[in-house]
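Chain by chain, the residues run as shown.
There are 2 protein chains.
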Amino acid sequence: MTFGEFQVLIRETFGAKDASRGVAGTFMWFMEEVGELAEALRGGHSLDELGAEFADVLAWLATLANIAGINLDDAISKKYQLGCPSCGKIPCVCSPSEKP
Amino acid sequence: MTFGEFQVLIRETFGAKDASRGVAGTFMWFMEEVGELAEALRGGHSLDELGAEFADVLAWLATLANIAGINLDDAISKKYQLGCPSCGKIPCVCSPSEKP
Numbered sequence: 900m901t902f903g904e905f906q907v908l909i910r911e912t913f914g915a916k917d918a919s920r921g922v923a924g925t926f927m928w929f930m931e932e933v934g935e936l937a938e939a940l941r942g943g944h945s946l947d948e949l950g951a952e953f954a955d956v957l958a959w960l961a962t963l964a965n966i967a968g969i970n971l972d973d974a975i976s977k978k979y980q981l982g983c984p985s986c987g988k989i990p991c992v993c994s995p996s997e998k999p
Numbered sequence: 900m901t902f903g904e905f906q907v908l909i910r911e912t913f914g915a916k917d918a919s920r921g922v923a924g925t926f927m928w929f930m931e932e933v934g935e936l937a938e939a940l941r942g943g944h945s946l947d948e949l950g951a952e953f954a955d956v957l958a959w960l961a962t963l964a965n966i967a968g969i970n971l972d973d974a975i976s977k978k979y980q981l982g983c984p985s986c987g988k989i990p991c992v993c994s995p996s997e998k999p
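Protein sequence lines, in the order shown, are assigned to chains A and B. Note that our numbering has the first sequence beginning at 900, numbered continuously upward. Note that our numbering has the second sequence beginning at 900, numbered continuously upward.
In isolation and in its complexed conformation, chain A is listed as follows:
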């Protein structure tokens, strides 16, 4: 699935609610899911459970992008498609002291 397709899916599923909740309220939900991801990453979860936490974080991030008018496909292509944003290389050759 592309980032754009996911943004459309999330908009079709939750768009009406997202528009009325706004950026700040949506960010609170996003952070709740980030907390659950942290808990899952500490261990004790199956790969399916851990994947579901990543999916939730991505869903709320897509919601934030929808509300903010950001096209995630464009955003990641601009920043990462041509290599590391700092050194411009693939693989990155930045000094470990700058980017460990």
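Treat each hint with caution, since some may be false.
One copy or two, either will do: identical chains are not told apart, so a pair holds if it fits within one copy or between any two.
Below, simulated SDA-like cross-link-like pairs (lysine to any residue); rule was C-alpha separation at most 25 Å, straight line [said to hold, decoys possible]:
1) Lys998 <-> Gly924
2) Lys977 <-> Ser945
3) Lys978 <-> Ala967
4) Lys988 <-> Leu940
5) Lys988 <-> Arg941
6) Lys977 <-> Lys988
It should be emphasised that the hints constitute simulated quantities derived from the structure, not laboratory data.
Position chain B against the provided structure of chain A, taking the given hints into account.
Then chain B, alone, in the frame of chain A:
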């Protein structure tokens, strides 16, 4: 770009560094970018600048998924492709008291 293609791009660009940094160290970098996204969402930034912050959060989330062995395409398809994970509908018809 698909989530899988982005995970490959991030692995090719930063994979060697990511493997040695580990989950906890990578999560710290991810959270730093989440903070920058929050700052950008509060306003005063161009759409390009805001998009770059979304891209950074996604890059670190893809890194975490790479380290944790999670396929993000599979994860979001399983959880969201058939509708809201709670009510199963597109659009979501969950009560606003449960999912505002």
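Structure-based check of all given hints:
1. Lys998 <-> Gly924: between (32 Å within a copy, 12 Å between copies)
2. Lys977 <-> Ser945: between (34 Å within a copy, 14 Å between copies)
3. Lys978 <-> Ala967: Result: close both inside a copy and across copies, 18 Å intra and 23 Å inter.
4. Lys988 <-> Leu940: neither (29 Å within a copy, 29 Å between copies)
5. Lys988 <-> Arg941: Neither way: Lys988 and Arg941 sit 32 Å apart in one copy and 32 Å across, limit 25 Å.
6. Lys977 <-> Lys988: Within. Shortest intra-copy distance 14 Å satisfies the 25 Å Cα cut-off; inter-copy 34 Å does not.
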